[in-house]
Structure formats: structure tokens, C-alpha cells
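Student: In terms of our numbering, the sequence shown has 94 at position 68, counting the first letter as 1, and numbering is strictly consecutive.
No lab work stands behind these hints, which were simulated from the structure alone. We put the beta carbon where it would ideally sit given N, CA and C, even for glycine. It cannot be assumed that every hint is accurate.
To be verified - Cβ-Cβ distance ranges computed for the label pairs, FRET-style:
1. 410 x 72: 40 to 50 Å
2. 276 x 361: 35 to 45 Å
3. 338 x 259: 35 to 45 Å
4. 411 x 256: 43 to 53 Å
5. 58 x 259: 36 to 46 Å
6. 303 x 77: 47 to 57 Å
7. 285 x 430: 45 to 55 Å
8. 236 x 142: 22 to 32 Å
9. 386 x 207: 31 to 41 Å
10. 361 x 238: 48 to 58 Å
11. 363 x 410: 22 to 32 Å
12. 227 x 338: 44 to 54 Å
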Amino acid sequence: MSGPATSTNITGGQYSLFRVLFGAYLAVHFWQLSSYAAELFSFAGMLPDAAVSPLFAIAPSLLHLSDAPWAAVLLVASGVPAAIAFAAGRWDRLMAAWMLLVLVSVFARNPLIANPAMPYVGFMLLAHLAVPCAPYGSLEALGRADPAGGWRMPRSVFMAAVIVLAASYSYSGLTKLFSDTWVAGDTIRLVLQNPLARDWVLRDLFLAMPEGALQGLTWFVLYVELLFAPLYLVKGLRPWLWGAMLGVQLGFLLLLRFPDLTLPMLLFHLFTFDPRWLPARRAAALLRYDGECGVCHLAVRFAIAENGADLTFRPMQADGVDAAAVSTWEIVEGDATYTKTDAVIRLLTYSGGLWGLAALALRSVPRSFRDGGYDALARIRRRLAPRPPELCPLVSPELRRRFAE
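Using the sequences plus the hints, can you model the full thing?
Tutor: Okay, here's the thing in C-alpha cells:
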């Protein structure tokens, strides 16, 4: 287990949430790219002579072995199962290294595929090689006696990512100072008139804004980027800077048809989210659950691994309750009892960090809608996972003391 000086508050579950989203993006990326692999990376495509690429002679590339169309397609397509295994947390270090090699191989063969997001993708894959194995939420941690396993994100990896984010944003802002359209405040209006802009109502609303508003928005992006690195040294400004540029990236995603640029940046923002910005809510509480439900046992293991609250656990069957006829779980905190999605939200706030963001998102959904989805899941919960052999999950003796049977 890492000490507080060398680790962060990023838990295994929070990192696994990022890994699943990153893996899903990579799987789709490789799947779509495989359709064009022969044209982009083989001798039968747009660059028949590999020597035209200045990188091909110096970069490690599996296409040195063969750049036939079938080889290019097979190489790129191999990234799909690798990304799925990576997302699931099975052989994920090996899969990250393989996907990094695939990306380097194809980029060396055809550097014309470059876009500003590619270095961030490479960095995140490289960073994964430096984090501990088997975080909670990975297949390699499934069924572990201690669900958390003492996993924490190394501080060195997190700080390296923060430095990359801050330095690259400020460098981007610096380059914008040499652009007449950015300095004049015309860029956002011009981008919205670009063929890559999404033709829908949000774009029309932005174009209908007064000229001064679009100019102000352009300058806002320019100067937030330019000042990102120096202002990030001020601790109190960090979540605001992070959130401002997250909003900018979301705006790009909604307004431009270039997801391969914006999605990696959104993922990099998740990678650099500091859980201290949404700290876990400390509270002594009791989580009552259906001890005969495998899905409920998984939820209890999540609570053990991820929350910072003084939670204790008790199966409803210990009180003679027919759990099949009531809510699958509830949280009792003082005189208050939370059920259904209110209990889910409460548990997420006990965990904080990215789970705190998830709690805010879930709370924004009307209770009737979220509880309706909860009830639908509750009706089939016992068919989704095998019935556990005991009322309490199989955990270490130390953790077992937190259960009241």
C-alpha cells in the first residue's frame, strides 16, 4: 500500500471508471480506423512508399515486417480486442503496451493522420503502465477478500498528467496569440461556419448571439488557455480552471463533428480530476441490503472499496425482512432512512471524487424517472447474478467485523 506522500485520493474504482471509458473509446477508435487501414497504412494506399514518411525509418513499427493491406488491417483491428480487455481490467498492462505499439506503428507509417489529441492518448496509455495492478473494478480484482486492495493512484503519475495538461493548454494559448482570428475574437464564429460544425439548433443559437458575445467567448478560451499553467499554481483556482476547460471541450464536442479530438481531451480531464475537489461525506451510517442477491453483494463490495464513511452493513434477512418484497437496499443515517436511488446518491456522496460527480448527475434526474429505472432493475436483480452462498460477502476477517448479522 502506498503512503500518503506517494499516493493520491484516487481510488481503484474511480480509476476503473476512467479505464472503462478510455477502453470503450479506444475500441471504437480502432474499429472505425480498421475500415481505412489499407488505404492509410499499406503499400496499396495513399503512401505506397513507406520511405516517404520521415518517421518510418526511426520509429518502432510492426509494419516494417509487412505493410501489405491485410497486415495493416489486421494490425489496426487487433486494437479492438486489446481495448476491450483493457477496459475490463484483464491483462490491461499488456493490452495498453500493445495498443501504444499499434498507434506508434501506424503513425510512423503515415504521420498525416496526426491530430492534437494523439499525444494525450499515448500519454494515458503510457501512464497506465506506471499505475499499480488490479484496482477495484478490474476483473483481476474480482472476488478479492479486500475489495480495495490498498490501491491508490501514485502521486507521481497524477502530477505528471497535471503538468502535461497545464503546460499544453498554456502552450496552445501562446500559439493562439499569433493567430489574427483569435486575437480579433473571430475564431468561434468562423468555426461555427465551418463544414465540421454540427448543423443543429445549438449551433444556430450560438450564431444568433451578438457579435460581442462571440468575441468575448473567443477571448475567454484564449486567455484561460494562456494563463492555465501559472494560475494552476494557485490551489483555489484549480477546480475552476479544470472546469472551465472541461466546459470548452464539451462545447467542442456538441458543436463540432470531430469527436476523435474532443473525446480524448475529455478523458484526460477525467484522468486529472482531483477527488479533493469533491471530498467524501463522512458519516456513521448503516447499509441494509438483500443478502440473497448477488448484485446487492457487488454493491456492498463497492461500498467497502470506495467509500470513506464509517459504514456498517446488515443483511435485511437478519431482521426477518422478506427482502424480495421491499427495496433491495437502504441507508440509515441517524434518524433518516434513504431508499432506492436516494440511497444510491447517498452512497456515492460517501465515496466522493468522481463518484461525487456521478451523485450530482443522478440527483439532477427527476426522482420518478430514476426510481422507475431502479425498480425495473430491482425486479430482475436475482436473475442477474448467482445467489451468494452466505448473507454477507466473502471478505477478510477485518472487514467482516463491519457486518452485523
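Student: Failing hints, ascending?
Tutor: The structure conflicts with no hint, since it agrees with every one listed earlier.
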